[in-house]
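S.K.: Working from the sequences, and respecting the hints, build out all of it.
Each protein sequence line maps, in turn, to chains A and B.
The letter at position 265 of the first sequence is residue 284 when you use my numbering, and the numbering goes up by one with no holes.
The letter at position 218 of the second sequence is residue 219 when you use my numbering, and the numbering goes up by one with no holes.
Treat the hints loosely; a few may be bogus.
As the list claims (entries may be wrong) - EDC-like cross-link-like pairs, simulated, lysine to aspartate or glutamate; straight-line CA separation at most 20 Å: (1) A:168 to A:179; (2) A:183 to A:222; (3) B:181 to A:45; (4) A:225 to A:179; (5) B:175 to A:327; (6) A:248 to A:317; (7) B:175 to A:61; (8) B:61 to A:210; (9) B:175 to A:43; (10) B:175 to A:85; (11) B:362 to B:272; (12) B:61 to B:34; (13) A:425 to A:462; (14) A:29 to A:445; (15) A:29 to A:327; (16) B:270 to A:80; (17) B:181 to A:61; (18) A:423 to A:462; (19) B:181 to A:152; (20) B:181 to A:41; (21) B:175 to A:445; (22) B:61 to A:462; (23) A:240 to A:210; (24) B:123 to B:230; (25) A:29 to A:85; (26) A:168 to A:445; (27) A:423 to A:469.
Please keep in mind that the hints were generated in silico from the structure rather than gathered at the bench.
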Amino acid sequence: MKIIIAGLGKVGNTLARQLAAENDYDLTVVDRNAQVLQTVVENYDVLGVQGNCAAMTTLVDAGVKDANLLIAVTDADEMNLLCCVTAHSLNPRIHTIARIRNPEYSDQVYKMRDLLALSMSVNPEKQAAIEIERLLKYPGFLKREPFAKGRMEIVELRVEPGSKLCNVALNNLVDAVNCKVLVCAVTRGGECIMPSGNFVLREGDKIFVTSESNNLTRLLKNLGIITRKVNRVLICGGGRVSYYLSQLLLKSGIQVQIIENNPERCLMLAEQLPEADIIQGDASSQALLESEGLFSCDALVSLTGLDELNVIIALYGSRHGVPQIITKVGHLEPNGILDTLPVGSLVCPKELCSNGIVRYVRAMRNQTGAAITTHRIAGGRAEALEFRVDENTRHRGEPLKSLKIKPNILLVSINHASHVELPNGDSCYQTGDGVVIVTNGSETIYQLNDIFA
Amino acid sequence: MNYRMIGRISAKILAVEAVFMIPALLISVGYHEFAAALAFAKAMLCIALASAVLYFVGRKSCRGFYAREGLICVGLIWIIMSLLGCLPFYFSGEIPHFIDAFFEIVSGFTTTGASILPEVEKLSHGILYWRSFSHWIGGMGVLVFLLAISGRGEQGGYTLHLLRAESPGPDVGKMLPRMKQTAITLYVIYIVLTVLNTVFLLVGGMPLFDSVCTAFGTAGTGGFGIKNDSIAGYSPYLQNVCTVFMLLFGVNFNCYYLLLIGNLRSVLKDEEVRLYFGIVFGSIALIAWNIRHMYATIEETLRHAAFQVATIITTTGYATTDFDLWPSFSKAILLVLMAVGACAGSTGGGIKCARVLLLFKSLRRNIHKVLDPRKVQVVRINNRPVSEVVLENTNAYLAAYASILVFSFLVLSIDGFTTTTNFTAVLSCFNNIGPGLEAVGPTCNYASFSVLSKLVLIMDMLAGRLEIFPILVLFSRSTWRKK
Chain A
20 MKIIIAGLGK VGNTLARQLA AENDYDLTVV DRNAQVLQTV VENYDVLGVQ
70 GNCAAMTTLV DAGVKDANLL IAVTDADEMN LLCCVTAHSL NPRIHTIARI
120 RNPEYSDQVY KMRDLLALSM SVNPEKQAAI EIERLLKYPG FLKREPFAKG
170 RMEIVELRVE PGSKLCNVAL NNLVDAVNCK VLVCAVTRGG ECIMPSGNFV
220 LREGDKIFVT SESNNLTRLL KNLGIITRKV NRVLICGGGR VSYYLSQLLL
270 KSGIQVQIIE NNPERCLMLA EQLPEADIIQ GDASSQALLE SEGLFSCDAL
320 VSLTGLDELN VIIALYGSRH GVPQIITKVG HLEPNGILDT LPVGSLVCPK
370 ELCSNGIVRY VRAMRNQTGA AITTHRIAGG RAEALEFRVD ENTRHRGEPL
420 KSLKIKPNIL LVSINHASHV ELPNGDSCYQ TGDGVVIVTN GSETIYQLND
470 IFA
Chain B
2 MNYRMIGRIS AKILAVEAVF MIPALLISVG YHEFAAALAF AKAMLCIALA
52 SAVLYFVGRK SCRGFYAREG LICVGLIWII MSLLGCLPFY FSGEIPHFID
102 AFFEIVSGFT TTGASILPEV EKLSHGILYW RSFSHWIGGM GVLVFLLAIS
152 GRGEQGGYTL HLLRAESPGP DVGKMLPRMK QTAITLYVIY IVLTVLNTVF
202 LLVGGMPLFD SVCTAFGTAG TGGFGIKNDS IAGYSPYLQN VCTVFMLLFG
252 VNFNCYYLLL IGNLRSVLKD EEVRLYFGIV FGSIALIAWN IRHMYATIEE
302 TLRHAAFQVA TIITTTGYAT TDFDLWPSFS KAILLVLMAV GACAGSTGGG
352 IKCARVLLLF KSLRRNIHKV LDPRKVQVVR INNRPVSEVV LENTNAYLAA
402 YASILVFSFL VLSIDGFTTT TNFTAVLSCF NNIGPGLEAV GPTCNYASFS
452 VLSKLVLIMD MLAGRLEIFP ILVLFSRSTW RKK
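M.R.: Structure follows, in structure tokens:
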């Protein structure tokens with residue numbers, strides 16, 4: 020499959036990395052800046068074309084005429100749209116994905132998607148806002164990844180000191196939490212482990228738990244995590260993410276306070292979000308945070324443009340016992356430094372956005388049995404993939420205990436038409452079922468059949 | 002520095018080299034030359050051992066492979082490969098001194114074709130085959146071959162550093178999005194052209210063994226002949242076939258790819274290709290006029306002029322006549338052609354037409370700048386602007402080229418040969434051609450130089466083949482400083 024990535028900003032770079040790592044696509048990247056292009060071409064196995072990605076000549080150079088997909092992720096929405104329209108006029112069969120960030124366009128892009136020839140539009144900030152809202156609804160989980168159209172989820176939990184989970188072997192987990200769950204990955208000290216039954220949890224571990232979505236509330240209750248409903252959220256930074264997030268939160272009746280330093284931006288937010296409290300001031304000032312009720316808020320969300328500042332604010336909040344903390348990072352590198360700090364949930368817009376696009380790319384190949392949903396978990400060190408079982412899948416109807424599955428691969432759920440099953444040795448899957456597997460990425464899994472040794 | 006990764010790549014290259022020796026071994030057995038066969042078997046064992054050791058070193062290789070590692074890796078691999086590749090010559094006793102065997106194989110891998118052997122016809126068939134085959138391996142580059150055969154998942158973008166360090170030209174890029182496809186395409190073009198060449202030679206009545214060896218020498222633009230008089234003993238038709246194919250192998254391989262996808266226009270409009278053929282035909286005409294009294298017929302004059310021009314500009318180094326006897330104007334033209342070399346992205350050596358083009362264009366721009374200091378002008382090739390970085394690198398290349406030339410010339414002069422001999426020996430080795438003038442002329446050889454001179458020439462050949470910098474960085478202190 021031939022894919023063109025236009026624009027090599029944060030998202031473009033992440034996409035190039037993720038898609039090149041799958042080793043299954045012919046990638047061409049286009050950017051105006053020779054230096055940026057050079058770096059990407061040297062780091063990943065891609066072809067670089069320098070030029071304006073909305074210009075016909077550049078697109079032809081990049082091989083748009085026989086490309087299958089164009090992903091326009093430059094920093095300008097108009098440029099992305101023009102790029103997609105131009106590509107479509109050169110090759111009517113091409114799929115196009117554009118990043119549209121300006122909220123003023125968001126409605127019209129959907130209405131005009133035929134005219135603009137868009138297969139999909141992505142908005143990293145909006146995705147981040149939705150993700151944060153989902154996390155705020157279930158305080159206690161650091162991350163939630165939905166599968167099987169939301170019927171089943173993999174959630175991330177931190178084993179806090181004194182938690183029921185401390186020093187529990189996974190074999191005895193069901194007794195401890197009194198509900199059916201499966202631990203599919205654990206990160207400890209920056210390492211990602213695929214645990215076996217004898218694995219004993221320790222405090223400070225981050226665990227990834229597979230569970231039916233309906234069971235999540237019970238899981239939290241049984242674990243003794245107090246699920247206080249979030250009533251008041253303090254947001255630091257008034258960028259696009261906080262705009263989208265406030266919109267969502269206000270709609271469900273949650274109080275929102277936004278601290279933003281730029282007076283003009285404050286004025287704009289105040290115009291667009293009449294119900295929110297907009298405070299003009301420097302969020303790095305602890306006195307200001309305290310005077311705006313840091314101690315009494317239910318959740319602290321740091322969304323400023325500076326990753327360092329966000330981390331510092333989050334650390335300060337956690338020091339003062341804010342129940343839930345969410346931190347945005349723009350440049351998340353999978354190195355695990357942040358895992359060791361109590362900064363709450365990490366949200367990375369570029370990763371979310373590029374995961375969404377990678378999912379679309381895999382779906383385009385779905386005819387050949389590729390994964391229909393993929394989520395990177397444990398800071399990118401493990402991957403959860405959902406597959407559909409079809410006629411070509413081997414070992415249908417055989418109990419799992421008789422199958423030989425490669426090491427470091429875990430089958431974590433079988434989604435039957437009627438119910439979701441957390442598998443044990445006697446479970447089996449049939450044509451039409453969905454199967455979710457977790458792998459630590461030592462081997463790329465393209466098809467379900469790849470998991471068998 | 003990522004030594005483990007370098008070790009791992011070297012291990013694979015050596016494995017490839019051992020496999021490449023199998024045909025030579027079989028040929029030795031086929032001709033009942035058991036001494037040579039034994040030498041090949043021993044050499045393969047040594048290489049396999051070295052490969053295993055290096056693989057063991059690199060078994061836990063980690064990430065982190067950058068431009069620095071790429072350059073050093075290429076430089077080291079070529080040296081290691083040559084040190085082990087010369088073992089068959091040495092073990093079989095056909096080249097008794099190790100330094101001579103080393104010189105011969107470096108000359109082979111770097112497609113120079115400079116020999117220390119007075120009489121090649123005495124060599125056994127297996128050894129002759131390995132000598133010629135080394136040209137073919139070195140022509141396109143053994144790392145490119147590794148890139149073509151290695152599996153997916155092993156290739157990050159870092160491989161671009163390898164391709165860039167091994168392929169000739171000022172601005173090396175990929176033709177296709179994926180490195181593996183690019184490498185495969187290059188090798189497919191290379192193999193097809195080689196096979197075509199062999200077929201044309203066979204049609205002209207050349208024996209199979211001779212055709213294959215000659216085709217290898219032509220394809221890599223190497224120049225090891227299997228006869229004492231190189232190509233001179235073959236029929237005019239065969240000489241002309243060689244002329245044509247030498248010129249073809251001197252063209253940028255990207256052009257063949259463009260032809261494959263049906264883009265004839267951009268090949269015809271390519272400025273480098275035009276310059277290349279312009280220089281070729283201009284030189285043929287001038288030389289033919291200059292030597293018109295030396296040969297009986299016009300056909301013979303043209304044939305010799307064309308063959309010598311082709312052999313020198315593509316840096317092959319075959320010969321059909323002793324051009325050392327030609328008038329000095331013709332010799333001067335040939336000397337200039339030695340330095341110019343073939344197109345970038347071909348198997349030939351030299352400065353490369355692309356760089357000559359860049360140098361002249363930037364020179365013209367600088368002259369304009371002197372006259373009109375505020376003028377802003379961009380150098381263009383094929384109507385595309387050339388970035389200042391490429392121009393800078395080209396200038397740096399020329400500076401390095403000149404200094405190496407001068408340094409080697411000084412060292413060689415210790416041996417007491419004439420100035421012409423010394424200068425042309427360096428020029429010829431550094432540009433990967435083979436024959437020079439006077440004592441190293443087409444009918445002579447390099448055996449009489451001292452060990453020191455041979456070592457210098459070996460480094461020159463490697464530097465010339467690898468575009469100087471991969472070898473130069475090995476001598477830089479900052480390369481080996483711990484980081």
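S.K.: Look at each hint and say if it fits the structure.
M.R.: Do the hints match the structure? See the list:
no.	hint	in the structure
1	A:168 to A:179	violated (30 Å)
2	A:183 to A:222	holds (10 Å)
3	B:181 to A:45	holds (11 Å)
4	A:225 to A:179	holds (9 Å)
5	B:175 to A:327	violated (38 Å)
6	A:248 to A:317	holds (8 Å)
7	B:175 to A:61	holds (11 Å)
8	B:61 to A:210	holds (18 Å)
9	B:175 to A:43	holds (18 Å)
10	B:175 to A:85	holds (18 Å)
11	B:362 to B:272	holds (12 Å)
12	B:61 to B:34	violated (42 Å)
13	A:425 to A:462	holds (10 Å)
14	A:29 to A:445	violated (45 Å)
15	A:29 to A:327	holds (17 Å)
16	B:270 to A:80	holds (17 Å)
17	B:181 to A:61	holds (15 Å)
18	A:423 to A:462	holds (16 Å)
19	B:181 to A:152	violated (44 Å)
20	B:181 to A:41	holds (15 Å)
21	B:175 to A:445	violated (51 Å)
22	B:61 to A:462	holds (17 Å)
23	A:240 to A:210	violated (28 Å)
24	B:123 to B:230	holds (13 Å)
25	A:29 to A:85	violated (26 Å)
26	A:168 to A:445	violated (25 Å)
27	A:423 to A:469	holds (11 Å)
Hints 1, 5, 12, 14, 19, 21, 23, 25, 26 from the list above are not met by this structure, while the remaining hints are.
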